[in-house]
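Peer 1: Sequence:
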Amino acid sequence: MHTLLPFNRPIISPTGCRGAHGWRKQFACPDGWVGAAVGHLMAYKNEAMNRFAVEQLRLAPDDQVLEIGFGHGKTIELMAGQVTRGLVAGVDLSMTMVTQAAKHNEAAIKAGRVELQQGSVSNIPYEYARFSKVVAANNYQFWPNPELDLTEIQRVLQPGGKLVLGLRLHSDSPLALAPGFKVEEVQEIAGLVRWVGFQNVRVETRQPGREAACVIAER
Numbered sequence: 040m041h042t043l044l045p046f047n048r049p050i051i052s053p054t055g056c057r058g059a060h061g062w063r064k065q066f067a068c069p070d071g072w073v074g075a076a077v078g079h080l081m082a083y084k085n086e087a088m089n090r091f092a093v094e095q096l097r098l099a100p101d102d103q104v105l106e107i108g109f110g111h112g113k114t115i116e117l118m119a120g121q122v123t124r125g126l127v128a129g130v131d132l133s134m135t136m137v138t139q140a141a142k143h144n145e146a147a148i149k150a151g152r153v154e155l156q157q158g159s160v161s162n163i164p165y166e167y168a169r170f171s172k173v174v175a176a177n178n179y180q181f182w183p184n185p186e187l188d189l190t191e192i193q194r195v196l197q198p199g200g201k202l203v204l205g206l207r208l209h210s211d212s213p214l215a216l217a218p219g220f221k222v223e224e225v226q227e228i229a230g231l232v233r234w235v236g237f238q239n240v241r242v243e244t245r246q247p248g249r250e251a252a253c254v255i256a257e258r
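Count the sequence shown with the numbering used here and you get residues 40 to 258, in order.
To be clear, the hints were calculated from the coordinates, so they are not data collected in a lab.
A couple of the hints might just be wrong.
Said to hold, decoys possible - Between beta-carbon pairs, the in silico distance windows are:
id, residue 1, residue 2, range
1, 238, 183, 37 to 45 Å
2, 218, 99, 29 to 37 Å
3, 244, 124, 27 to 35 Å
4, 227, 100, 30 to 38 Å
Yeah, the Cβ is synthetic: ideal placement off N, Cα and C, and Gly gets one too.
When you get a sec, could you build the whole thing from the sequences and use the hints?
Peer 2: The structure is reproduced here in structure tokens:
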């Protein structure tokens with residue numbers, strides 16, 4: 040297991056970004072100086088929705104939490120402020136984002152309360168039942184195989200552990216960077232979550248800026 044410290048010497052070997060092409064790739068797996076700028080943009084655009092998703096986790100000080108696709112790392116920081124005796128871990132495809140988020144959370148990493156790794160939802164680099172809660176906000180659309188990826192999340196969740204998927208809802212606005220999910224698509228995602236074996240699946244919606252939904256379930 041590798042955490043990105045010290046900052047001047049990357050100790051995770053980049054594996055590259057797969058599955059997205061063109062401009063979408065910079066949102067799925069930001070890279071280089073353009074990717075770093077995209078990270079700051081996402082920090083601004085996604086903050087309200089990410090807070091909404093974190094609220095659904097109902098975090099406790101002793102939780103063991105994993106964020107999939109942590110990007111800029113501001114949500115990691117938010118959770119670390121609540122999980123004071125446990126651990127907040129994160130995996131992200133992009134080494135650019137690992138570096139950006141690690142700098143943003145340097146003190147918590149050095150204190151052993153935050154771990155950040157380059158990794159994929161399809162192959163989470165943690166052992167069975169490692170976490171009490173898992174959150175993924177605004178990246179489900181980039182998952183390579185949602186059914187198998189949800190099964191991988193099940194593997195690292197403790198029995199009774201909670202999953203929260205944050206989904207941006209569809210917008211016809213010309214200012215929208217991405218179209219988002221229609222209501223019926225959110226219900227299909229909730230159905231898939233139930234299909235792979237999660238329990239007590241429900242959907243919460245809110246309008247934190249642009250309307251968003253959270254699919255919430257228990258292992």
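Peer 1: Does each hint fit the structure? Answer for all of them.
Peer 2: Hint by hint, here is what the structure shows:
1. 238 x 183: 37 to 45 Å: Check failed, 25 Å falls outside 37 to 45 Å.
2. 218 x 99: 29 to 37 Å: Distance hint for residue 218, residue 99 holds at roughly 36 Å.
3. 244 x 124: 27 to 35 Å: 32 Å, holds
4. 227 x 100: 30 to 38 Å: The hinted range 30 to 38 Å holds for residue 227 and residue 100, with Cβ atoms some 36 Å apart.
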